[in-house]
Structures are given as C-alpha cells and as structure tokens.
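Chains as they are written, first to last, in the working numbering: chain A, 41 to 455; chain B, 9 to 100.
None of these hints come from the bench; they were simulated from the model. From the three backbone atoms N, C-alpha and C, an ideal C-beta is built for every residue, glycine too. Heads up, some of the hints might be wrong.
[What the hints assert, rightly or not] To give an idea of the chain A side of the interface with chain B (calculated C-beta under 8 Å), a few residues:
1. Asp107
2. Arg108
3. Pro111
4. Ala174
5. Tyr175
[As the list claims (entries may be wrong)] Partial list, derived from the structure: chain A residues whose beta carbon lies under 10 Å from chain B:
6. Leu110
7. Tyr171
8. Ser173
9. Val203
[Claimed, not checked] Label-pair ranges, simulated between beta-carbon atoms:
10. Asp51/B / Arg288/A: 36 to 42 Å
11. Thr140/A / Gly71/B: 38 to 44 Å
12. Gly67/B / Thr97/A: 40 to 46 Å
13. Gly71/B / Glu254/A: 23 to 29 Å
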Amino acid sequence: MSGTAFTTVVTGVGVVAPNGLGTEEYWAATLRGESGIRRLTRFDPAQYPSRLAGEVTGFDPAAHLPDRLLPQTDHMTRLALTAADLAILDAGAGPEELHTFGAGVVTASASGGFEFGQRELENLWSKGNEYVSAYQSFAWFYAVNTGQISIRNGMRGPSGVLVADQAGGLDAVAHARRQLRGGASLMVTGGVDSALCPWGWTAQIATGLLSTSEDPARAFTPFADTANGYVAGEGGAILVLEPEESARARGARPYGSVAGHAATFDPPPGSSRGPALRAAILGALADAGCTPGDIDVVYADAAGLPDKDAAEAAALCEVFGPHGVPVTAPKTMTGRLYSGGGPLDLATALLGFRDGVIPPTVNVALPDPAHRIDLVTREPRAVPTRTALALARGYGGFNSAMVLRAPVARRTPHQ
Amino acid sequence: MTAQEFITLQDIVRALRAAAGAGDGIDLDGDIADVTFSELGYDSIAVLETVGALEREYGFSMGDEAVQEAQTPGQLLRLAVEAAGGVAGLAA
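Bound-form chain B, shown alone (with noise of 0.2 Å):
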C-alpha cells in the first residue's frame, strides 16, 4: 500500500481547514465524521475548495458529482479513498 492509498479523516480535516478556514466554535478534531458539512457551517463552495485541494494534495480526480455526493468528512473520506483505489484509515 503507497502513501497515497492510505487517507485518514486527519487528512480529510486538515484539507478542510486549510481550505475553507476553521473556528466558529466547533472543535474539527472531536468526532465530526458523520456530522454534515452544513452543521460545521460549511457550504457547498468550502466542500469544493476541499475536494479541489484534496485532487491536487494526492493527484487524483474524485469526479464532480463528490461534492454533491459528499454531504459529511466521513463521506468525503471515503470518496477520497475510493478515488485513490486504496482503503480508508480511520484509525488516528
């Protein structure tokens, strides 16, 4: 297994952050898998931005339809890894 092959929600998170900002009161690092984009108070532009910086980081093409499909990180984990033809560490 590469590098590449082996994304974890950190990952997913970091991209996120580094995207589309952090704060608003709402700790990214506690368990936020399967909590929606829209309830961390991100909209669709920020899912974008992250799957743009995701595409670029791990050079791979997770397809237009991930940020429709995408509605939670845990979701876009998952979309990140299946676009890297590898498995998901969730583990920290």
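Here chain A stands alone, though its shape is the one from the complex (with noise of 0.2 Å):
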C-alpha cells in the first residue's frame, strides 16, 4: 500500500474528554498536565472496589442536541454525536459533502450503551416488559453512534462498527481509509465509549485490571514500578478523513496524514510465541513506509499493569532501541478509554505536530528503569514532531498501530 500515492488527512477533530469537552478545551487543559480523574459521580461508587473514573464534567446533552434525540439515546451516544459535530464543523464540511453515497462513518465500540440498557433492564425485572422503551432495541447496541451520527449528518455512504475493545479505536480509523482507497469522498470515524453506570462498572472490574487506589495522584501510574492497573474514562475523538486531494481542492486545512496500519492477535495464552504487538508496530511501519527511526513520538497503550507495561515497552526496545524514541501517555489525565482511547491519542499528536510539542505522561514521576522507555513526563516536551506511532490493546489480544504524518505546510492553530 505504501507504493500508492493515495493519501488519507484528517480534516477535522472533534474531542470530547474527561480533561476536557471541545478540541482546545481538551488540549490547554493536557498541555498544562491536568487530569479529569477523580471519584465517581454518576453514580455512588461506595460499594465497589474501583471508585475512580475520567467522567466527563459540564456537558449538558440538551444544549448539543435537538430533544428528538433525547429519549432515544445512551449517553455514550450523546457524547459521540456531540464530538461529531465539533469534527465535522472543525472539516468545514456541510451539505455537499456530506449528504451523498460517497459519505460514510466507521466508529468502534466497546460495550454499546450500557446506562440505557441499564435502566431498561430494570424497568423489565421490576416492572414488566410492556415499560421497556422500544427505543432499546437500538440505543444499546453497538453500532448505534455509527448509525446516528449518519443519520444526523445525512450520511448514506459505507458504514460500519468495529468492536475490539481499546484497538478497536484505531482498527475503526484504517477501515475508514480503507474506504477511502476504495472510493468514499468523506468518513467520519473514531470512536466514544461510555459505561458509567453499575452494570457497565461491575463489566469493568471483572476484568481484574482496574486499579482499586482511591487517590487520582496514584491509581494510574503505567510504566512506574507502581503500576496497579488502569482507571476507566469515557469520552474519545471522532475524525473527520478525506482523500487529500479532494480535501485540498475545497479548501480544507489537513492535521496531517493517516500513513500506516496494522492490526494483530495475540496468541493463545501458554502459547510459547510472544504478544503480537511488535508485529503490529513493524506492520504499521510497513504500511506507513518508514523505517524506526522516522518516527518522533510513541503515544502508548499504557496499560498501566506491571506485566502489560514490561511487554509494550519490550516491544519498543525492540523495535526503537532502548530509550529509542519519546513515549507519553496522555491518557493518563483522562483514564483508558476503550474505543475512544485510540482516536483521542489521534487527535492529540495531530495537536502535537501543529503545536510541536508532546504532551506529558502525568503521575509516572519517573518510569520504572527496567523498562527503558524515553518516557515524557512531568512537563510537555517542546520538540517538532512529523511522524508519531499510537499503539493501542485490546482485552483479549487486540493489537493495533497507526502511524500518521504531519501536513507539509504546519498547520496553524486556530484563531
């Protein structure tokens, strides 16, 4: 693929974040190292091992969207709709370009709408199946932001959803530039999960891989040697992608470029082969055509476990050299994100190429020495990047690494 001379840019971001709601709101507030990690409030966390969580502050779903989406919407869809806008507003695409065969949207999703499914189940078991909503047989599932954000925008191209847990965000962004290359004019893509309610929190913690610390300074420290698992977010990015030169001749101003893929799996465990992850980092390379020592900044999965962080910065090594290259994790101001994670990490080294800078890794003071790992803490690091590599897991085995390119004019930021 990199023989082509086809070319995906993403025109436009939309962000909505624990740390931050809107693009700049979001940035200003990861430049200046601040988290949106803090103590549930959705719902009383008191009776759960894992009470912290990246929720999403100030965002009143009425003020974004008309009232006919109300009753039939989860919050994650709420959210996902919202940062949608921003994206497409952000690409200064409007009819034209949007209503037409040629516009699609992938998105990805972790666990579909776990609040409304929530409150319909109980209204089930407590009270009967004639006061389930009938809006339930959609606002739950998992391709459901993809289908209202196309309904919402009159999008009729290629869509579609991909579930792979926190890859899943990254797996969604190549499949919509693979529909580029066969022949879609605009995708909108990325992805925005949300699972903040009893059930979806139970979901969480069943995994064994939340962190139970109760002070945000200390529950999410990946690559320090206290490292005790991840706090959970909501929240993400969508994108908007177009083929550059189709992008160009409107008038649109690139981010930068999506330059490289590669999804891998894991092998069973007691598998005497090793995680896939290199194979992925190598594969996107591939597909980007460039070689380690192209690439200016890592942004990590971050796992935030002892074992997970060892085998993602053994990778690094392997492939970068030991403290190769600058890794951060943002992410640690807005908890993991599942499919949001991906795309957000997206949208923030796309923010890092216009700026040129690489936004820090909050809470890791220093990163465990036996990882050796170049890791950007404390402060963000004022160093112009071109080409950054996100990496992001998926429970289970998920593997994925995306490789995007700086525009060749800098893009100034916005008035």
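Join the two chains into one complex using the hints; note that each chain is given alone, in its own frame.
If you want it as structure tokens, here you go:
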C-alpha cells in the first residue's frame, strides 16, 4: 500500500474528554497536565472496589442535541454525536460533502450503551416488559453511534462498526481509510465509549485490570514501578478523513495524514510465541513506508499493569532500541477510554504536530528503569514532531498500531 | 364516563412529546391531528414508543396493529379511544 500515491488526511477533529469538552479545551488542559480523573459522581461507587474514573464533566446533552434525539440515545451516543458535530464543523464539511453516497461513518464501540440498557433491564424485571422502551432495540447496540451520526448528518455512504476493545478505535480509523481508498469521498470515524453506570462498572471490574487506588495521583501510573491497574474513563474523539486531493481542492486544511496501520492478535495463553504488539508496530511502519528512525513520538497503549507495561516497553525496545524514541501517555489524564482511547491519541498527536510539542504523561515521576523507555513525564516536551505512532491493545489479545504524518505545510492553531 | 374514556388530542401530543421528544421546528400544539407522523418527523419507533406510553398510562391495550394503522395523531387518538372503550374529546 505504501507504493500508492493516495493519501488520507484528517481534516476535522472533535474531542469529548474527561479533562476537556471540545478539542482546544482538551488540548489546553492536556498541556497543563490537568487530569480529569476523580471519584465517580454518576453513581455512588462506595460499594465497589474501584471508585475513580475519568468522567466528562459539564456536558449538557440538551444544549448540544435536538430534543428528538434525547429519548432514544444512551449517554455515549450523545457524547459521540457531539464529538461528530465538532469534527464536522472543524472540517468545514457541509451538505455538499455529507449528503452523498460517498460519505460514510465507521466508529468503534467496546461495550454499547450500558446506562440506557441498565435502565431498561431494571424496567423489565421490576415493572414488566410493557415498560421497556422501544428505543432499547437499538440504543444499547454497538453500531448505534455510527447509525446516529450517519442519520443526523445525512451521510449515506459505506458505514460500519468495529468491536475490539481499546484497539478498535484505531482499527475503525484504518477501516475508514480503507473505504476512502475504495472510493468513498469523506469518512467520519473514531470512537466514543462510556459505561459509567453500575452494570457497566461491574463488567469493567470483572476484568481484574482496574486500579483500586482511591488516590487520583496514584491510581493510573503506567510504566512506573507503582503501576497497579488502570482507571477507566469515558469519551474519545471523532475525526473527519478525506482523500488529500479532494480535501485540498475544497480548501480544507489537513492536520496530518493517516500513513500506516496494522492489527494483530496475540497467541492463546500458554503459547510459546510472545505477544504480537511488535508485529503490529512493524506492520504499521511498513504500511507507512517508514523506518523506526522516522518515528518522532509514540503514544503508548499504557495499560498501567506491570506485565502489560513490560510487554509494551519490550516491543518498543525491540523496534526502536532502548530509550530510542520519546514515549508518552496523555491518557494518564483521562483514564483508558476503550474505543475512544486510540482516536483521542490520534487527535493528540495531530495537535502535537501543529504546536510542536509532546504532551506529558502525568503522575509518573520516573518510569521503571527496567522498561528502558524515554517517557515524557511531568512537563510537555517542546520538540517538533512530524511522524507519530499510536498503539492500542484490547482485552483478550487485540493489538493495533497506526502511523500519522504531519502535513507538509504546518497547520496553525485556531484563532 | 370515566376520565380514562376521555382522551384528547392534547393527551396524545403530551405522550408523543414525552416518549419521542419535540422540537424540529414543528408546533405540536398547532393543528396537527391530520398531519402524518412522518411529516412531523417521527418514525415508526417513535409511534411504537408513544403507543406503549399511552397503554401504560391508561391501562388498556391498543394491539400491535395500532402502530401500522395510526399514520396521524388524530388516527392514534381514535385507536386510543376505541381501546379505552370511550369517546374522543377532541375539543380542548
């Protein structure tokens, strides 16, 4: 694929994150090192072993969405529609670009609409089936964000959903790129997840991967010797992708391009073969037609568990050499966002291209020396980056790697 | 006549608004008895949701066909009144 001249560019970015509602709000908070991780407020977490989360605060659905959409949408869909609106506005795409059979939507979803689903299940068992909302038929569903975004924006092109836990967000963007190569004219893609209700929370706790720390500064410290699990969050990012040629022809200003991607799956537990993250990295580099030396920054998956951090660090050392490339995990300020995590890292990398800076990993003073990685900690690192690698791993063995490239002419910040 | 048998268009509109939302630039308090749900911007799931809300509120059953049969708020009102075994109070 690297031999073709076809280039997929990102022309719009919409962020809904625990430390910022809106792209520039998120970016400013991220550069300040401001975390959105705190004790859960959506429900009382007192009786659960994990009590911290990255909640999107100050979000009023009625201020962002028409009244008609409120009865039929889960919280995660409301966030996704808002992020899509922001991304489409940012891209400057109007009816001419959207209302066609060439404009499609591919998002990722890790869990579906748990909050809506829990409420309707409660109605079912406590009151009876006639009390279950007809909207439950689709409001919980994995594909609902894709469907609602396409309906709201009149997009009739190729659409779909990918379900691969945290890895799915990058896979969705890769599939959107594939659709553009196949002839689509514009794709809205990315991921936004939320499962911050008792039912969703219980499912997340059951993985055994969540931190039980009650201290927001110590709960999610990937690559540190204090790593004890991760904090879950909600939100993510939606991106607008277009072929470079038509994007430039209509005057859009690309943030950068999606240069390469690869996805792999780990061998079964007990296999003598190691994890397949390294193969995903090498595959993405090959797809992008670049060498390890071309990568200026890595946005790490940053699981926050000692064995998974060690596996990721080992893969990075194998490909880039010890301390061979700056590595960062701004997700320490949001928690892991499942499908939203990868796309948010992509948005962050693109903003980093624009502003010549690598945002920090917070709450990690020093990475465990055994990992041998150059982790950007404490402060943003003012260094121009032109090529970034984002990594994401999903529960059960999913690996995904994506390479982004800065635009030839650097995009300037918004006025 | 009991209160349950006296269902007005306002009751239908109230149920519709609560079940499926308002907005979209259409005045639901206007003369909409014979405007199709589709023209009002409501799909079949919105009507299904509204039928369910009416059934729960009034304790009657309108049957599965109601959703297909009722193309307008006025038709939905007639079916609701039939289900309640009463007469429609079309006046405000």
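Hints, verified against the model:
| no. | hint | in the structure |
| --- | --- | --- |
| 1 | Asp107 | 4 Å, holds |
| 2 | Arg108 | 4 Å, holds |
| 3 | Pro111 | 5 Å, holds |
| 4 | Ala174 | 4 Å, holds |
| 5 | Tyr175 | 6 Å, holds |
| 6 | Leu110 | 6 Å, holds |
| 7 | Tyr171 | 6 Å, holds |
| 8 | Ser173 | 6 Å, holds |
| 9 | Val203 | 24 Å, violated |
| 10 | Asp51/B / Arg288/A: 36 to 42 Å | 38 Å, holds |
| 11 | Thr140/A / Gly71/B: 38 to 44 Å | 41 Å, holds |
| 12 | Gly67/B / Thr97/A: 40 to 46 Å | 41 Å, holds |
| 13 | Gly71/B / Glu254/A: 23 to 29 Å | 54 Å, violated |
Comparing the model with each earlier hint shows violations of hints 9, 13; every other hint is respected.
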